[in-house]
Amino acid sequence: MLGNLIKAEFRKTTTTGLWWGLMIPTVLLAFGWALGTGAIFTSVSEFMSSDEAEELALLLGVEDPTQWQMSLFGMARSINVATIFPMIFGGLAISNEINRKTITTTFLTAPTRVSAMAAKMIVYIVWGAIFGIAIVASVSIGIALTSDAGALPDPAGWLALAAVGVLASILMTMFGVGVGALMTSVVGTTVVLLLYVLIVENGIQLVLASQGLPEIIGFLPNGAVNGLTGSVASSLFLANAGVVPDDLVDGLRAIAGALGAFDWWLSGLIFLAWTALFFLGGWATTQRKDIT
Amino acid sequence: MHDGTGRIVVQNLTKQFGPVAAVQNLSFTVEPGSVTGFLGPNGAGKTTTLRMLLGLVTPTAGIGLINGRPFNQLGNPARVVGAVLEAQGFHPKRTARNHLRVYAAAIGVPDSRADQVLQLVGLGAAGDRKAGGYSLGMKQRLALATALLGDPQILVLDEPSNGLDPEGIAWLRTFLQSYARSGRTVLISSHLLAEIEQTVDQVVIISRGQTMYYGPLDHLRDQQQGRVLVQPSDIGALVAALREDGINGIEQLPDGRIAVTGVEAKQVADTALKAGVSIYGIQEEKVDLERLFFQLTNGQFAAPGQKMGPDPYGQPQGGYPQPGYQQPGYQQPGYQQPGYQQQPGYQTPSQPFQQPGYQQPGYQQPPQDYQQQQYQQPPQGYQPPPPGTQQPPQDNPYGQQQGQGGLGGGA
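So the protein sequences, as listed, match chains A and B. If you read the first sequence in the numbering used here, its first letter stands for residue 1, the second for the next number, and so on. If you read the second sequence in the numbering used here, its first letter stands for residue 1, the second for the next number, and so on.
There's no promise every hint is true.
Dumping the calculated SDA-like pairs for lysine to any residue here, alpha-carbon to alpha-carbon at most 20 Å [what the hints assert, rightly or not]: (1) A:Lys289 with B:Phe17; (2) A:Lys101 with B:Gly132; (3) B:Lys93 with A:Gly17; (4) B:Lys130 with A:Arg11; (5) B:Lys130 with A:Trp19; (6) A:Lys289 with B:Gly132; (7) B:Lys93 with A:Thr16; (8) A:Lys7 with B:Arg79; (9) A:Lys101 with B:Thr58; (10) B:Lys130 with A:Arg100; (11) B:Lys139 with B:Glu86; (12) B:Lys93 with A:Arg100; (13) B:Lys93 with A:Thr184; (14) B:Lys130 with A:Thr15; (15) B:Lys93 with A:Val187; (16) A:Lys7 with B:Gly75; (17) B:Lys139 with A:Thr16; (18) A:Lys101 with B:Lys93; (19) B:Lys93 with A:Lys289; (20) B:Lys130 with A:Thr13; (21) A:Lys289 with B:Ile63; (22) A:Lys101 with B:Lys130; (23) A:Lys289 with B:Gly18; (24) A:Lys101 with B:Tyr134; (25) B:Lys93 with A:Gly21; (26) B:Lys274 with A:Arg100; (27) A:Lys101 with B:Gly137; (28) A:Lys101 with B:Leu136; (29) B:Lys93 with A:Thr14.
Hints are computed from structural coordinates only; laboratory data are not their basis.
With these hints in hand, go ahead and build the complete structure from the sequences.
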């Protein structure tokens with residue numbers, strides 16, 4: 001029974017242009033950011049290994065900057081940015097369904113609302129993973145094109161980052177679904193999600209960082225999800241970079257987009273809590289809602 | 001799971017939207033094998049009731065059962081009940097065939113069923129067009145196709161004729177009747193009785209969220225008789241003659257005609273001939289179910305005296321629709337004043353007219369009312385002006401009459 005509903009939900013997402021309409025910018029953005037960040041960190045590496053920087057490196061206590069896997073930061077950053085799209089996808093898909101009243105027929109053809117929502121949840125988890133894989137693939141290609149071979153992560157490191165990238169994408173999609181189900185307005189959902197992720201939280205983070213309270217950033221939704229990839233990237237980097245002075249660690253985490261974030265698993269749990277809050281809130285609302 | 005009877009039972013359903021009681025303690029049963037009309041004016045609670053039945057709206061109290069079960073216990077509900085609801089959406093960018101395939105998958109029927117139902121509702125050629133480009137009528141057909149996907153035992157349709165062309169309405173009528181004839185259940189809502197009068201066998205009429213009538217349409221029809229509208233040269237004389245023949249259902253109309261209930265036009269004409277009264281116009285009026293429906297659902301929103309149509313005859317509702325007639329002058333027992341009986345030309349005693357239902361204004365009123373209110377032009381011949389009475393200017397009385405046939409002609 002649930003299999004039928006999952007099939008129906010999949011057909012729902014594949015029979016409109018939304019998925020590829022968002023997939024194209026996702027891939028382009030992920031690829032573009034990867035190219036750009038790859039190029040930037042390559043320049044940074046080159047600078048660090050140049051004669052002028054050698055003294056600086058010595059001063060900082062860094063041993064061999066050429067071995068720095070700077071590309072990890074580029075990957076983490078690019079993944080973070082690109083996961084905005086699966087989040088929008090989740091938000092749009094669900095708010096469209098409610099707004100265009102196709103939810104009526106969905107509930108009329110499902111045994112219970114719980115089963116209809118469960119099917120939706122599974123389908124959007126899968127879509128989050130599909131977007132995540134596309135993002136990781138585009139980012140990897142982009143990074144590989146513009147980074148030195150020495151700056152690329154080893155296979156295990158890449159796999160770890162890819163895994164948290166896909167996980168972040170799934171959670172972002174569910175987060176979007178939750179907000180979309182709560183807002184039910186297509187425009188409202190899009191505006192709120194974008195505004196929050198791009199502007200509001202960045203503003204809060206800036207204030208928190210300037211007030212010496214970066215720890216709180218790790219508890220915010222975007223800070224947490226960035227921490228997921230950023231923490232993995234910085235841990236991987238530090239594990240391979242040899243001795244890095246403590247003063248530099250914070251800076252590196254900030255570069256990775258994980259300033260104030262906790263370990264990747266803790267960040268993941270915190271974002272999972274945020275996702276659960278909105279997703280379950282949206283679920284509960286839709287479960288009890290009078291469909292008129 | 002469910003009992004498979006195809007019966008819909010609505011028990012004491014109540015829905016409160018904040019301060020608004022959309023549905024109040026509504027109960028009725030819909031049996032299989034017939035088309036049941038669910039009637040009520042806009043805002044009477046029809047849509048809410050149907051949505052409660054279909055599990056889309058949670059009732060404040062009461063329960064709606066399909067095959068003895070609430071909707072969410074039907075198992076695979078679309079196999080049991082298909083619904084065409086107002087504002088049932090389609091994604092504008094999804095083609096009709098894809099729309100149907102989505103829900104075919106949910107119901108668990110093969111994809112070929114999507115093409116079948118498209119053919120069935122006459123959208124076979126338009127299946128690959130996006131639903132957003134459909135006309136209202138095509139959307140209704142697509143909604144019906146969706147409802148039919150699971151080949152359900154019960155069909156529930158909320159205002160399905162909206163947007164359908166006459167051809168589509170005729171087609172829908174035939175379709176629903178044959179659907180019901182195959183032993184299945186059809187419940188169809190409408191705010192227009194005329195629209196579904198030819199389709200339905202049973203009706204549930206609701207108003208203000210409550211059941212006003214529930215039963216076969218024929219019973220409702222039998223409750224009402226036809227009447228004859230006649231424009232005689234001398235009302236008083238004709239009324240007297242009719243009374244002599246034992247015909248008492250006589251009513252004065254605002255336009256100066258009289259309405260005789262329970263007789264045929266021929267009989268009235270014969271009586272008039274015997275009485276030596278000329279007939280300038282005669283018309284037979286059939287019972288209009290729509291008026292009956294209006295009476296049952298009367299005044300949900302309209303203020304008294306501002307109703308949209310005339311009240312059904314024989315069932316006085318406290319006056320004619322025109323506000324003027326409800327002015328105090330009319331209600332006052334002015335006709336019992338002594339001067340009343342002395343009016344020249346008023347040949348018939350007022351007594352026989354004072355049966356309930358014969359509430360004709362003007363006719364029984366003392367002359368001074370005409371001076372004060374002038375709201376009606378007394379037809380010629382019926383009201384010889386009493387001395388000192390200023391009659392309103394007399395237009396051609398025929399000017400206000402509608403649908404008059406030739407002299408003495410039956411309808």
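Consistency of the hints with the structure:
Our distance criterion of 20 Å between C-alpha atoms is met by Lys289 of chain A and Phe17 of chain B, whose separation comes to about 12 Å. A hinted pair counts as satisfied when its Cα atoms are at most 20 Å apart, and Lys101 of chain A with Gly132 of chain B qualifies at roughly 13 Å. A hinted pair counts as satisfied when its Cα atoms are at most 20 Å apart, and Lys93 of chain B with Gly17 of chain A qualifies at roughly 8 Å. Between Lys130 of chain B and Arg11 of chain A the alpha-carbon distance is near 15 Å, which keeps this suggested pair within the 20 Å criterion.
At roughly 17 Å between alpha-carbon atoms, Lys130 of chain B and Trp19 of chain A fall within 20 Å of each other, so this suggested pair holds. Between Lys289 of chain A and Gly132 of chain B the CA atoms are separated by roughly 26 Å; this puts the pair beyond 20 Å, and the hint is violated. Taking the CA atoms of Lys93 of chain B and Thr16 of chain A, the gap is about 6 Å. The hint holds against a cut of 20 Å. Our distance criterion of 20 Å between C-alpha atoms is met by Lys7 of chain A and Arg79 of chain B, whose separation comes to about 18 Å.
Using a Cα cut-off of 20 Å, the hinted pair Lys101 of chain A and Thr58 of chain B holds, with the two alpha carbons roughly 17 Å apart. This hinted pair checks out: Lys130 of chain B and Arg100 of chain A have alpha carbons roughly 14 Å apart, not beyond 20 Å. A C-alpha spacing of about 11 Å is found between Lys139 of chain B and Glu86 of chain B, which places the hinted pair at or below 20 Å, so the restraint holds. A threshold of 20 Å between alpha carbons decides the hint, and for Lys93 of chain B with Arg100 of chain A the separation of about 11 Å falls inside it, so the pair holds.
Our distance criterion of 20 Å between C-alpha atoms is met by Lys93 of chain B and Thr184 of chain A, whose separation comes to about 19 Å. At most 20 Å may separate the alpha-carbon atoms for a hinted pair to count; Lys130 of chain B and Thr15 of chain A meet this at roughly 11 Å. Of the supplied pair hints, the one linking Lys93 of chain B and Val187 of chain A holds, its CA atoms being roughly 17 Å apart against a limit of 20 Å. A C-alpha spacing of about 18 Å is found between Lys7 of chain A and Gly75 of chain B, which places the hinted pair at or below 20 Å, so the restraint holds.
A distance of roughly 18 Å separates the Cα atoms of Lys139 of chain B and Thr16 of chain A; the hinted pair therefore holds under the 20 Å criterion. The straight-line distance between the Cα atoms of Lys101 of chain A and Lys93 of chain B is roughly 14 Å, inside the 20 Å bound, and the hint therefore holds. Distance restraint check for Lys93 of chain B and Lys289 of chain A: the Cα-Cα separation of roughly 26 Å exceeds the 20 Å cut-off, and the hinted pair is therefore not satisfied. Note on Lys130 of chain B and Thr13 of chain A: the hinted pairing holds, with a Cα-Cα distance of about 15 Å set against a maximum of 20 Å.
Proposed proximity of Lys289 of chain A and Ile63 of chain B is supported: the alpha carbons are some 17 Å apart, at most 20 Å. Only pairs whose Cα atoms come within 20 Å are accepted, and Lys101 of chain A paired with Lys130 of chain B is accepted, the gap being roughly 16 Å. At most 20 Å may separate the alpha-carbon atoms for a hinted pair to count; Lys289 of chain A and Gly18 of chain B meet this at roughly 14 Å. For the proposed pair Lys101 of chain A and Tyr134 of chain B, the alpha carbon gap of about 16 Å is at most 20 Å, so the pair holds.
Only pairs whose Cα atoms come within 20 Å are accepted, and Lys93 of chain B paired with Gly21 of chain A is accepted, the gap being roughly 13 Å. Annotation: proposed proximity of Lys274 of chain B to Arg100 of chain A is violated, straight-line Cα distance about 70 Å (limit 20 Å). Distance hint between Lys101 of chain A and Gly137 of chain B is fulfilled; the C-alpha atoms sit about 18 Å from each other, no more than 20 Å. Only pairs whose Cα atoms come within 20 Å are accepted, and Lys101 of chain A paired with Leu136 of chain B is accepted, the gap being roughly 16 Å.
Restraint check for Lys93 of chain B and Thr14 of chain A: the C-alpha separation of about 11 Å stays at or below 20 Å, so the hint holds.
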